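Asks: Please take these sequences and the hints and turn them into a complete structure.
Line by line, the protein sequences give chains A and B.
Heads up: the first sequence is residues 19 to 269, going by my numbering.
Heads up: the second sequence is residues 167 to 569, going by my numbering.
To be clear, the hints were calculated from the coordinates, so they are not data collected in a lab.
One or more hints might be untrue.
[As the list claims (entries may be wrong)] Okay, the calculated beta carbon distance ranges per label pair: (1) A/GLY166 with B/VAL184: 24 to 34 Å; (2) B/ARG569 with A/LYS81: 20 to 30 Å; (3) B/VAL448 with A/GLU146: 48 to 58 Å.
Every value quoted in this text rests on a predicted model; they were computed, and no experiment measured them.
We put the beta carbon where it would ideally sit given N, CA and C, even for glycine.
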Amino acid sequence: MKKPIIELKDVWKIYRMGETDVEALKGISISINEDEFASIQGPSGSGKSTLMHLVGCLDLPTKGHVFLDGHDISKLTESQLATIRGKRIGFVFQAFNLIPTLTAMENVMLPMIFNNVSRWKREKTATELLMEMGLKERMNHKPNQLSGGEQQRVAIARALANDPEVILADEPTGNLDSTTGKHIMDLIRHLSKEHKKTIIMVTHDPYIASFAKKKVVIVDGKVGHDHEYLKKILWKSNHEDKKGNPKGGKK
Amino acid sequence: MIADYFRLAFKGIARRRVRSWLTLIGIFIGITAVVSLITLSQGMQDAITEQFSKLGSNRVMITPGGKSFGPTAGAVMTAKFDDDDADTVRRVKGVDDALGPLIRTASVEFRGETKAIMTFAYPTSSNAIRILERNGVIDIEDGRMFRPSDRYVAILGYTNAYDDFDKEVKEGNTIKIEDYEFKVIGIRGKSGSFQDIAMGIPLDVGREIFDEKEEVSSIFAIIKPGYDTGAVAEDIKKALRKHRNVEEGEEDFTVNSPQMLLESVTMITDVVKAVLIGIAAVSILVGGIGIMNTMYTSVAERTKEIGIMKATGARNSSIMMLFLVESGMLGLIGGVFGLAAGYGISMAAGKIAMDAAGIEVIVAVTPAMVIGALAFSFVLGALSGVFPARKASKLQPVEALRR
Chain A
19 MKKPIIELKD VWKIYRMGET DVEALKGISI SINEDEFASI QGPSGSGKST
69 LMHLVGCLDL PTKGHVFLDG HDISKLTESQ LATIRGKRIG FVFQAFNLIP
119 TLTAMENVML PMIFNNVSRW KREKTATELL MEMGLKERMN HKPNQLSGGE
169 QQRVAIARAL ANDPEVILAD EPTGNLDSTT GKHIMDLIRH LSKEHKKTII
219 MVTHDPYIAS FAKKKVVIVD GKVGHDHEYL KKILWKSNHE DKKGNPKGGK
269 K
Chain B
167 MIADYFRLAF KGIARRRVRS WLTLIGIFIG ITAVVSLITL SQGMQDAITE
217 QFSKLGSNRV MITPGGKSFG PTAGAVMTAK FDDDDADTVR RVKGVDDALG
267 PLIRTASVEF RGETKAIMTF AYPTSSNAIR ILERNGVIDI EDGRMFRPSD
317 RYVAILGYTN AYDDFDKEVK EGNTIKIEDY EFKVIGIRGK SGSFQDIAMG
367 IPLDVGREIF DEKEEVSSIF AIIKPGYDTG AVAEDIKKAL RKHRNVEEGE
417 EDFTVNSPQM LLESVTMITD VVKAVLIGIA AVSILVGGIG IMNTMYTSVA
467 ERTKEIGIMK ATGARNSSIM MLFLVESGML GLIGGVFGLA AGYGISMAAG
517 KIAMDAAGIE VIVAVTPAMV IGALAFSFVL GALSGVFPAR KASKLQPVEA
567 LRR
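Replies: As structure tokens, this is what we get:
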């Protein structure tokens, strides 16, 4: 029996926007086990990014508890949260989020600098990870000299730098064409299978979500249960923009 | 680990090269001013002290004529001394002896060549000779000193003897001063002062050839050991005022001791120093504000990067450190260039002083000063970056990532 590595219990996140309170999350409870590959789906504005931030220790809930490996992170200081982010969580973002002035190699080494890893060890680890990502020839290139797929692979290598237990991917294929996206998803599946990482992936794309074993759907700040209703919502969010016009055409 | 922060900070600076250079200018000017100021003023102080110590600190020069400006300037400029004034000075307590030479520019002929040479007609009583000798006023290299019985004899300055005439003037030669024949009895050694270009003759013959019965050009007093030169100089002033019947503040004479000259020179250099320090301080302040401004812009521009770094495990303190090192490095680079430029300016000014006035100003940059200037500029830069760095470190990761 696998134990849960991430557990959310009745988590609320309320933002104050001027005079009104906006409830982004309304009492969410989720449990994700070790080594699990989970996707969090939901239309834009559903609160899935907020949920991602809480799981990634980038933010704290207004109410409720977030447990990482049985420890309540809601009570930690910013410095302790930073240590957890550095050591136990790796982020992969939609926009890659590499530091533009640093080479691929330096970007991968960055989390290790903050984690006080020796220079020698940093270079060794970064080289190995970039080679694993098939970027042997690209190590000393800067982000603007790399294609989107290559940048995302550098970002994945960076997420693995401190060998974290959990990888959080926020729309990892959102800025990529479908072929490259598929390649990135294969890599993420590889992390799950070969590296035994717990993967939590946020997406609105059902095809991308289909790579995951466990699927969580978020609608209006709550975990959704009505499957027919959810299908409709998701279809809508994938094929229409916010005004209700069919997607495509303009872009 | 700190080396990594320096590397990261350097990349941050290198990215916005033009803006970084512009930012550096303030610090650069400030450090340039401070370094050139300190090295130059130290060098000048040393040079001046050296010059005055050559003259000796136990002497007081009294010259006729007051300050060359003010309502009574015309009258006091025409004032003259005579032997009575010299006697008055001699009687002041603490004065060992006083000499009153007559100083004129004489036309001197040697082997058909005529030159204008500054001539000091010294009293040649045995007592006066003793003073001249003992205080190094006349320091003979070749030949001999005056004797009380000497009449038409001259002692030449080093330059008079070796450079003024095409042919070298030697001891025993005859020269013509104002058409009177004089025998050269001695040549002075090289001193590096005005004594090299001045010739000495006995006062009696001086009065005769220049047709001056009474006048004494200036009075030269030697202070007894154990007396304060400055205090005795004040007493001399008082005695001369009484003797010449003038009110305080309207003196038609000036009393100078090397010490007093040194003090007034020091006062002038202090004023110059204060002005330059003011300029340097303003420049450094402006430079610091410039760095602060640049760092604020940098934090705003790199908000997203700060978010990324926080997501990858950077603590608030790491971000703070990164930006502090970056602003400190801006200051440091300004300091390096300022140090070089300041040293260059000092060297140039020292060379100008040497060429123009023949004063050797030794410009020295000590290791302590290099370290001090660099440490100062780094700390200054870092301090200017405290507020921007704190702003960066306090950014919420989620907010920062949203940019």
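Asks: Hint by hint, which ones does this structure get wrong, listed from lowest number up?
Replies: none
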